[in-house]
Amino acid sequence: MTTINIMVGQAQGNVPVTILRVEGDIDAATHKALQDKASEVIESGSTHILLDLGGVEYMGSAGFRAIHAISNMLRDDDSTGLAKSPHLKLLNPTEAVGRVIKTLGFDVYLDIFQDRDEAVSSF
Amino acid sequence: MSAEQVFDLSVKARLENLKAVRSYIDRVGAELGVNEQALGDLRLVVDEAVTNVVHYGYEDLEGIVEVHMQRDGDSVVIRIRDQAKTFNPSHIENPQLDTALKDRDLGGMGIYLIKKMTDEAEFLSLPGGGNEIRLVKYGAIQAVS
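These protein sequence lines are chains A and B, in that order.
With numbering that gives the first Met the number 0, you'll find the first sequence wraps up at 122, consecutive numbering, no jumps.
With numbering that gives the first Met the number 0, you'll find the second sequence wraps up at 144, consecutive numbering, no jumps.
Hints listed in this document are in silico derivations from the structure and should not be mistaken for laboratory results.
Mixed in with the good hints, there may be bad ones.
[As the list claims (entries may be wrong)] No farther apart than 20 Å at their CA atoms in a straight line, the calculated lysine to aspartate or glutamate pairs in the DMTMM-like style are these:
id: 1; chain 1: A; residue 1: K31; chain 2: B; residue 2: D59
id: 2; chain 1: A; residue 1: K83; chain 2: B; residue 2: D97
id: 3; chain 1: A; residue 1: K31; chain 2: B; residue 2: E58
id: 4; chain 1: B; residue 1: K18; chain 2: A; residue 2: E56
id: 5; chain 1: A; residue 1: K101; chain 2: B; residue 2: D102
id: 6; chain 1: A; residue 1: K83; chain 2: B; residue 2: D104
id: 7; chain 1: A; residue 1: K101; chain 2: B; residue 2: E92
id: 8; chain 1: B; residue 1: K101; chain 2: A; residue 2: D35
id: 9; chain 1: B; residue 1: K115; chain 2: A; residue 2: D110
id: 10; chain 1: A; residue 1: K31; chain 2: B; residue 2: D104
id: 11; chain 1: B; residue 1: K101; chain 2: A; residue 2: D110
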């Protein structure tokens with residue numbers, strides 16, 4: 000059975016940032032765990048999420064659907080057009096995951112960082 | 000290429016077996032000398048194709064999915080076969096990649112990735128029932144310069 004581990008951390012940028020660090024493969028069998036965990040922290044009050052993908056060796060379209068859903072859960076109604084989300088950012092994707100991010104155009108709408116501190120302070 | 004092929008991975012069409020399917024692609028890909036970038040693409044497209052078989056072919060009911068991967072010159076050919084109802088996703092529209100995430104529909108990304116990351120993607124209905132997806136990646140067995 001495929002599973003993923005999701006660790007929840009907190010950091011302080013200009014606003015409080017919740018860091019979700021995922022370890023494991025995000026596929027159609029596991030993506031819901033990520034979506035559910037994000038939903039849980041958002042319901043608990045998190046408004047800014049940094050999704051740490053450093054421990055994700057594989058992510059298929061199901062993972063991108065989860066990220067899309069998380070982005071929708073966090074969206075502010077006054078964000079407009081093509082601006083990048085101020086609420087959801089990605090950290091440290093592998094090269095393979097990064098190529099799919101670009102192929103699906105997610106890099107146009109989500110900031111991607113390689114450095115955790117830089118990512119946190121960008122919020 | 001012979002018409003009768005041995006499908007050397009046969010698993011129950013369940014999402015929990017996706018990792019085993021990806022491991023098969025990794026293992027055979029290494030044996031065939033597939034370069035790392037092509038292997039990443041093939042791992043992805045086969046995962047997407049089998050996910051579609053589970054969800055839309057068998058509609059999450061019991062079934063078997065078979066996978067065969069082989070070399071053809073410097074290309075890799077992968078066939079994925081099932082006994083599910085006819086499912087041809089060729090007509091599915093591409094995701095709205097130039098639209099902000101909040102305005103996009105969820106879904107449609109799997110088929111897009113299959114088409115985008117292979118050089119040939121055919122969705123065939125088998126005469127005796129079931130489907131075969133034939134995926135070809137050119138130049139997969141070459142060193143990445």
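Hint check results:
no.	hint	result
1	A/K31 x B/D59	16 Å, holds
2	A/K83 x B/D97	13 Å, holds
3	A/K31 x B/E58	18 Å, holds
4	B/K18 x A/E56	12 Å, holds
5	A/K101 x B/D102	18 Å, holds
6	A/K83 x B/D104	17 Å, holds
7	A/K101 x B/E92	19 Å, holds
8	B/K101 x A/D35	19 Å, holds
9	B/K115 x A/D110	23 Å, violated
10	A/K31 x B/D104	18 Å, holds
11	B/K101 x A/D110	15 Å, holds
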